[in-house]
Amino acid sequence: MIKRKGSNMINLEKEINKWKKSLRKHTSLEEGNIKELEAHLRDAYEIEIRKGKSSVEAFRDAKDALGECGSINNEYRKSHAHRTEGSKAGQMFAAALWLSYLKVGVRNLTKNKSYSLINIGGLAIGILVCAFIALFINNELSYDNFHKDGNRIYRVVKDFGGTLPDATTPPALAPALYSEIPEVEESIRIMPEWDAKILLRYGDASFYESNFLLADSNFFSMFTVNPVAGDLESALIDKNSIVITESLAKKYFGDYNPIGSVINAERSGRKKDLTVTAVVEDYPENAHFDFDFIIHSYDNIDEHWGWYNFYTYIKLKPNINIANVDPKIQELYEKNWEGGTNVFYSQPISDIHLHSNLKWELGTNGSINQVNTFAIIAIFVLIIAAINYINLATARSALRAKEVGIRKVSGAFRFSLIKQFLIESVITSVLAFIIAVGVLYFLLPTLNELFNSNLILFNSSTTSLLIALAIATILVGIISGIYPALYLSKFQPVVVLKDLKNLKGGLLWLRKGLIVTQFTVSAILIIGTLAIRDQLNFIREFDWGIEKNHTLVLRNTDSFENRDALRNELLKFSSITEVGNASTVIGELNWTRGIREKGKPGEEDVLTNFLIVDENLLNVLNLKMIEGRKFSEKYPSDLEDGIILSRKAIKELEITEPAVGKQVVWATRNDTLIYRTIVGVTSDFYFSSLREEIKPFAFVPSKYNLATTYVKLAEDNYSETIEYISEVWKKILPNRPMEYSFLDDTFAQMHKQDAKFSKIIGVMTSLAIVIALMGLFALTAYTVERKTKEIGIRKVLGASVKSVVVMISADLLKLVVISIIVAIPTTWLLIDRWLEEFAYKTELTIWTFILGSILTITISIITISYKSIKAATANPTNSLKYE
Amino acid sequence: MLSKNLMAASSKPLILAILRGGENYGYQIIQRVKELSGGELEWAEGMLYPVLHKMQKDGLVQTKWKLSDNGRMRKYYRLTTKGREALNNEKQQWLKVHGMLEKVWQPDASLGTT
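The listed protein sequences correspond, in order, to chains W and H.
Taking the numbering used here, the leading residue of the first sequence gets 1, the next gets one more, and so forth.
Taking the numbering used here, the leading residue of the second sequence gets 1, the next gets one more, and so forth.
Derived from the structure by calculation, the hints contain no laboratory data.
Worth double-checking, as some hints may not be accurate.
Using C-beta positions, here's what the derived DEER-type ranges look like [said to hold, decoys possible]:
| id | chain 1 | residue 1 | chain 2 | residue 2 | range |
| --- | --- | --- | --- | --- | --- |
| 1 | H | Ala-17 | W | Ser-28 | 44 to 50 Å |
| 2 | W | Glu-31 | H | Lys-103 | 45 to 51 Å |
| 3 | H | Glu-90 | W | Ile-479 | 54 to 60 Å |
Listed next, the stretches of chain W that the computed footprint assigns to chain H, with coverage defined by at least 3 CB atoms under 8 Å from CB atoms of chain H [as the list claims (entries may be wrong)]:
| id | segment |
| --- | --- |
| 4 | 55-68 |
| 5 | 551-559 |
Okay, the calculated bits of chain H under chain W, using three or more residues with CB under 8 Å as the criterion [unchecked claim]:
| id | segment |
| --- | --- |
| 6 | 9-19 |
| 7 | 24-35 |
For every residue, glycine included, the Cβ atom is placed at its ideal position computed from N, Cα and C.
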């Protein structure tokens with residue numbers, strides 16, 4: 001009978017792994033050899049078990065029969081040696097040598113799996129962040145770079161009244177520039193018709209379209225657009241022509257060639273037939289404007305100097321300096337529009353996306369500050385990752401000092417040792433690069449969604465970027481490898497072999513310096529993230545002085561008679577508490593106009609945003625009156641000459657209180673001034689980004705020009721209410737699609753860029769922390785490894801777990817604390833600068849810094865304690881047996 | 001007991017001869033060598049592998065990893081043409097040595113006691 005006692009059972013897998021580990025210490029054994037020996041051991045073990053031996057005996061006997069690792073290794077080495085002696089050609093030898101460097105490199109990586117993982121993983125994360133940011137920046141910088149002769153194309157813009165930067169220009173400007181300034185080779189007007197919707201019909205297909213441009217016929221000779229079908233040069237000459245993009249063609253015509261087809265267009269009840277004259281490729285996303293189709297512009301507008309609705313672009317003749325042209329533009333304007341207060345100037349088309357932030361921009365532009373910030377972050381993250389590598393490599397290299405010593409004793413030249421270390425670190429960095437690009441490829445869709453971007457990893461514009469990044473990575477590899485390479489290879493072998501302990505002193509200052517740098521960056525990012533979040537919370541909780549929550553805005557309610565019917569029907573539903581109408585959505589782009597108190601000269605005009613409203617709108621917005629009253633049907637004269645101003649407007653206009661009853665100059669018609677009488681003053685409210693100072697606002701009542709309907713909802717049951725609204729809509733406006741949005745979304749839109757910025761910073765911070773912690777973790781592991789014996793002896797002598805943990809952690813924590821001390825003032829300066837961009841901002845509190853510091857220390861402690869507690873609780877006999 | 005040197009010298013022809021009977025894997029080969037030696041083998045079993053490794057390098061055997069019945073991977077060795085030639089060659093040499101020794105060990109053959 002076979003007797004098996006519990007104590008005679010062994011964990012076979014564990015034993016085999018231990019045995020394999022000891023085999024791996026022998027450099028002549030390759031993985032394949034080890035695998036074969038393992039197969040043998042398992043076979044032998046099974047036979048021994050079958051003979052009736054206990055598992056302990058069976059394993060021991062099988063292992064003994066196999067023989068001693070050292071001598072097996074020697075035999076293998078003999079066969080290697082024989083091979084190299086055999087190949088006499090020098091080249092072969094050199095190749096074999098390189099191969100062996102590679103092999104040893106790979107072997108070293110696989111031997112220290114956890115170190116390698118941290119090393120490669122850390123670097124990969126760094127590269128990933130860098131690559132993503134590089135893609136982002138590459139995309140931002142590529143805006144409007146695709147135009148032929150793009151360096152000669154400029155947009156002409158103005159400062160409205162000399163003060164308000166505004167992108168719109170009068171339609172008379174472009175033709176005048178072309179005919180009167182000889183340096184201008186070509187000029188063009190485009191116009192987007194804000195908020196207008198055109199109903200296009202072809203056969204069964206009919207959709208509302210809003211992404212279109214009105215343009216002069218030379219659009220395609222100014223801007224580079226790739227044709228698909230039709231002749232672009234003549235495409236916009238006919239008044240009834242339409243040029244569509246490929247996507248739009250697909251939407252209406254499928255695969256059928258649309259050239260010559262007639263599309264019916266309907267706008268505000270008026271219908272018109274348009275002939276498709278050309279199809280073009282979809283306009284690139286990296287452009288400051290976009291369109292799905294282009295139609296012919298208005299006629300007889302060439303003389304209008306007071307109508308600001310058009311965007312003017314000019315192309316200069318070659319070798320003309322724009323600085324010489326700008327003054328001529330202003331001259332031209334002043335000559336044609338006497339007494340005009342606008343100041344005209346130009347912007348290079350490729351600068352618009354990152355450098356222009358005017359009113360009425362054609363799209364959401366980026367910001368050069370943001371691009372710079374991200375570039376700095378990318379470099380930071382890469383530096384952290386590189387520091388990690390150097391840190392780990394130097395830490396590990398001390399452990400490899402023995403190897404270096406033996407290699408030197410065996411006749412290795414210093415150069416060959418340097419090569420070995422460099423090849424190892426280059427392998428690591430290349431691996432990290434491959435992993436980073438691979439992961440980014442799969443992660444990019446998610447990241448694009450998160451950051452609301454549309455970045456592509458592989459296309460013609462990113463090739464050189466990726467190559468540059470690959471070269472940078474290899475450079476990081478070389479730089480990271482060069483220090484340990486030079487440092488270690490320098491030693492006299494006898495020193496290295498005799499006294500390993502002496503080595504650590506020289507590297508210590510460097511390692512500490514690196515860890516401090518790394519944690520300083522992490523701490524800056526952590527505290528910075530918290531501070532940015534503070535500001536965003538401040539914005540969220542800011543009292544805007546206006547009811548923007550629970551307010552739904554219906555669009556397309558222009559030109560229809562049954563406004564009251566719509567209001568009454570809607571109010572029947574219990575969850576709808578108020579309904580009002582206005583010209584546009586407050587908080588989006590609002591109209592502006594210069595107004596002044598009656599009796600003051602024209603120069604004292606104050607630019608004021610205004611909304612045309614009915615008598616209910618101020619109730620929907622829940623604006624508080626600090627003087628006078630709201631508009632009311634009880635006062636029919638309101639429609640004629642009433643106006644309500646915000647407190648800020650009263651202040652800017654320098655109207656003395658009481659303001660009610662005083663008059664302002666509202667417009668000029670045929671040289672006659674038109675006045676409106678102030679009937680009320682609202683308390684201050686905010687309708688633009690908190691980056692800007694509060695601005696004056698005016699409400700003017702009218703029965704016309706009302707195109708949006710505001711619906712105030714009770715707090716709950718949105719979906720049911722919206723369903724009810726759409727039923728009412730269908731009944732009263734059966735021929736129009738219902739489009740709605742929420743007012744708080746409009747307001748959130750103002751800080752979309754800030755929210756995005758915070759999100760990206762947040763993600764970067766997490767990654768930076770992960771990389772820094774990986775470094776700290778590895779360094780703790782290294783410290784523990786070096787101090788194994790010390791810990792053992794201390795424990796035998798009666799040290800408590802706590803004191804051992806403290807011993808290991810104290811040094812490392814000290815470094816973290818130093819980092820925080822450096823980080824706090826730096827972050828303060830950086831965040832203070834960022835906050836300066838806001839007119840309304842949170843106070844930087846000490847608590848943010850304390851919280852950030854505590855956070856940094858806490859995660860550091862957790863990271864350090866994992867390894868150190870493990871070491872401290874280990875049985876001292878094990879650690880003392882070691883060696 | 002066979003001496004270490006002799007064992008080392010004879011391992012190559014032994015393995016070649018065993019493999020002549022068809023492909024086989026390390027553990028089986030070594031068991032076969034053990035059987036043949038009648039338990040007089042002083043070698044550690046593991047020492048077989050460097051020999052196999054060298055024979056592979058010299059092109060005498062081909063190898064292939066195969067899944068065995070018990071679900072483990074094993075490395076199988078098979079003779080190449082070159083291996084067969086080597087076996088014949090070894091055989092000739094060993095026979096020659098054998099013949100020489102035979103002759104000198106005949107009781108009536110004296111080694112030149114002139």
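- Which numbered hints turn out to be false for this structure? 1, 5, 6
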